[in-house]
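Participant: What follows is each chain in one-letter form.
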Amino acid sequence: MSLPIILFFVCAALAVAGAIALIVAREPIHSALSLILVMVTLAVLYLLLGAEFIAAVQVIVYAGAVMVLFVFVIMLLNASAEVRTNWSKMAMYVGVPLGIFLLLEIAYWVWRSSVGPNVANGATAATGAFSTRALSMELFKHYLFPFEVTSILILIAILGALVLAKRSE
Amino acid sequence: MVPISYYLVLSGILFGLGVIGFVFKRNIITIFMAIELMLNAVNLAFVAFARAWNQLDGLIFVFFVIVVAAAEAAVGLAIAIVIAQNRRSLNVEDVNLLKF
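Taken in sequence, the protein lines are chains A and B.
If you read the first sequence in our numbering, its first letter stands for residue 41, the second for the next number, and so on.
If you read the second sequence in our numbering, its first letter stands for residue 439, the second for the next number, and so on.
Fair warning: there could be bad hints in the mix.
As the list claims (entries may be wrong) - Label pairs and their in silico Cβ distance ranges:
{"no.": "1", "chain 1": "A", "residue 1": "Ile140", "chain 2": "B", "residue 2": "Leu535", "range": "23 to 31 angstroms"}
{"no.": "2", "chain 1": "A", "residue 1": "Ile46", "chain 2": "B", "residue 2": "Arg526", "range": "44 to 52 angstroms"}
{"no.": "3", "chain 1": "A", "residue 1": "Arg173", "chain 2": "B", "residue 2": "Val533", "range": "42 to 50 angstroms"}
{"no.": "4", "chain 1": "B", "residue 1": "Phe502", "chain 2": "A", "residue 2": "Met130", "range": "21 to 29 angstroms"}
{"no.": "5", "chain 1": "A", "residue 1": "Ser171", "chain 2": "B", "residue 2": "Phe502", "range": "45 to 53 angstroms"}
{"no.": "6", "chain 1": "A", "residue 1": "Ser42", "chain 2": "B", "residue 2": "Arg464", "range": "19 to 27 angstroms"}
{"no.": "7", "chain 1": "A", "residue 1": "Glu188", "chain 2": "B", "residue 2": "Val480", "range": "48 to 56 angstroms"}
Unchecked claim - Partial chain B-side listing against chain A, Cβ under 10 angstroms, derived:
{"no.": "8", "residue": "Val440"}
{"no.": "9", "residue": "Val447"}
{"no.": "10", "residue": "Ser449"}
{"no.": "11", "residue": "Ala486"}
{"no.": "12", "residue": "Leu497"}
{"no.": "13", "residue": "Ala516"}
{"no.": "14", "residue": "Val520"}
{"no.": "15", "residue": "Leu536"}
For the record, the hints were derived by calculation from the structure and aren't laboratory data.
From the three backbone atoms N, C-alpha and C, an ideal C-beta is built for every residue, glycine too.
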């Protein structure tokens with residue numbers, strides 16, 4: 041086995057372990073730390089795929105900013121271990137079968153697209169990295185309008201967070 | 439090189455685990471974390487497809503998804519703070535005004 045394959049399997053195992061730990065953990069802070077593990081391993085996978093800029097953004101924005109926000113709110117609200125409750129009848133008889141159906145459907149389509157007859161010819165991927173210069177040219181030429189719209193979205197999100205979190209007297 | 443299908447399988451597994459977390463967790467902050475996990479799984483699929491077809495558009499999509507996820511986390515956590523102040527609890531079972 042070559043080095044990229046070994047690196048992929050190590051990272052994939054860590055990511056799945058982190059995701060399972062997120063679900064199993066009862067303390068929210070443990071879930072947050074597991075999620076940071078998932079995000080960092082995903083950044084390594086992005087590097088493996090040659091997407092250097094996305095890997096950096098993943099670490100800075102997701103593992104950095106967003107998770108600091110989560111940990112800060114957990115500490116602020118003094119979130120303790122969650123209480124287990126019984127499921128409602130609706131969740132038992134409708135939710136669980138629909139959830140299992142959704143997972144089977146995702147598994148089927150992933151299997152179809154990777155092992156089935158419709159497998160893409162470029163499936164073993166080109167080598168080399170995406171150039172960040174080409175990415176920025178694409179972003180600021182073809183996708184300039186969506187880029188500007190996202191800045192308005194961020195502004196609205198800041199205002200919304202301020203208005204919501206403000207103590208109304 | 440690693441086949442693209444491996445990345446897609448990992449993406450599917452992570453998305454499924456995110457759905458399971460979203461449905462089964464009771465703490466509102468952990469539910470947000472499950473949503474972030476699903477967004478990350480979709481991002482991985484985007485980057486894998488961008489690699490497979492050697493197109494940059496997939497990476498641009500990931501960029502926008504990350505921006506929207508950051509905005510969503512900011513507003514969502516503000517809502518969580520308001521709920522915690524009003525209900526003195528983070529359990530979603532206690533927020534049942536619209537439940538029939």
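Participant: Is the gap between the beta carbons of arginine 173 (chain A) and valine 533 (chain B) within 42 to 50 angstroms?
Facilitator: Check passed, 48 angstroms falls within 42 to 50 angstroms.
Participant: When you take the CB atoms of serine 42 (chain A) and arginine 464 (chain B), is the distance between them in 19 to 27 angstroms?
Facilitator: 44 angstroms, violated
Participant: With a cut-off of 10 angstroms, does the beta carbon of serine 449 (chain B) approach a beta carbon of chain A closely enough for the hint to hold?
Facilitator: 8 angstroms, holds
Participant: The hint names valine 440 (chain B) as touching chain A; please verify it with the least Cβ-Cβ distance against 10 angstroms.
Facilitator: 5 angstroms, holds
Participant: Going by Cβ atoms only, is valine 520 (chain B) closer than 10 angstroms to chain A?
Facilitator: Cβ of valine 520 (chain B) sits 5 angstroms from chain A, so the hint holds.
Participant: Could you say whether the range 45 to 53 angstroms given as a hint is met by the Cβ separation of serine 171 (chain A) and phenylalanine 502 (chain B)?
Facilitator: Cβ of serine 171 (chain A) to Cβ of phenylalanine 502 (chain B): about 19 angstroms, so the range 45 to 53 angstroms is violated.
Participant: Minimum Cβ distance from alanine 486 (chain B) to chain A below 10 angstroms?
Facilitator: Alanine 486 (chain B) check passes; min Cβ-Cβ to chain A is 6 angstroms, inside 10 angstroms.
Participant: Kindly confirm whether 21 to 29 angstroms is satisfied by the beta carbon distance between phenylalanine 502 (chain B) and methionine 130 (chain A).
Facilitator: 35 angstroms, violated
Participant: Taking 48 to 56 angstroms as the hint, is the beta-carbon distance of glutamate 188 (chain A) and valine 480 (chain B) inside that range?
Facilitator: 23 angstroms, violated
Participant: Is the distance from the Cβ of isoleucine 46 (chain A) to the Cβ of arginine 526 (chain B) consistent with 44 to 52 angstroms?
Facilitator: Holds - the Cβ-Cβ distance for isoleucine 46 (chain A) and arginine 526 (chain B), about 50 angstroms, lies within 44 to 52 angstroms.
Participant: Holds or violated: the hint that leucine 497 (chain B) contacts chain A, with Cβ atoms closer than 10 angstroms.
Facilitator: At about 6 angstroms, which falls below the 10 angstroms cut-off, the nearest Cβ of chain A leaves the hint on leucine 497 (chain B) intact, so it holds.
Participant: Could you tell me whether the CB distance from isoleucine 140 (chain A) to leucine 535 (chain B) stays inside 23 to 31 angstroms?
Facilitator: 30 angstroms Cβ-Cβ, so the 23 to 31 angstroms window holds.
Comparing the model with each numbered hint stated earlier shows that hints 4, 5, 6, 7 and 15 do not hold.
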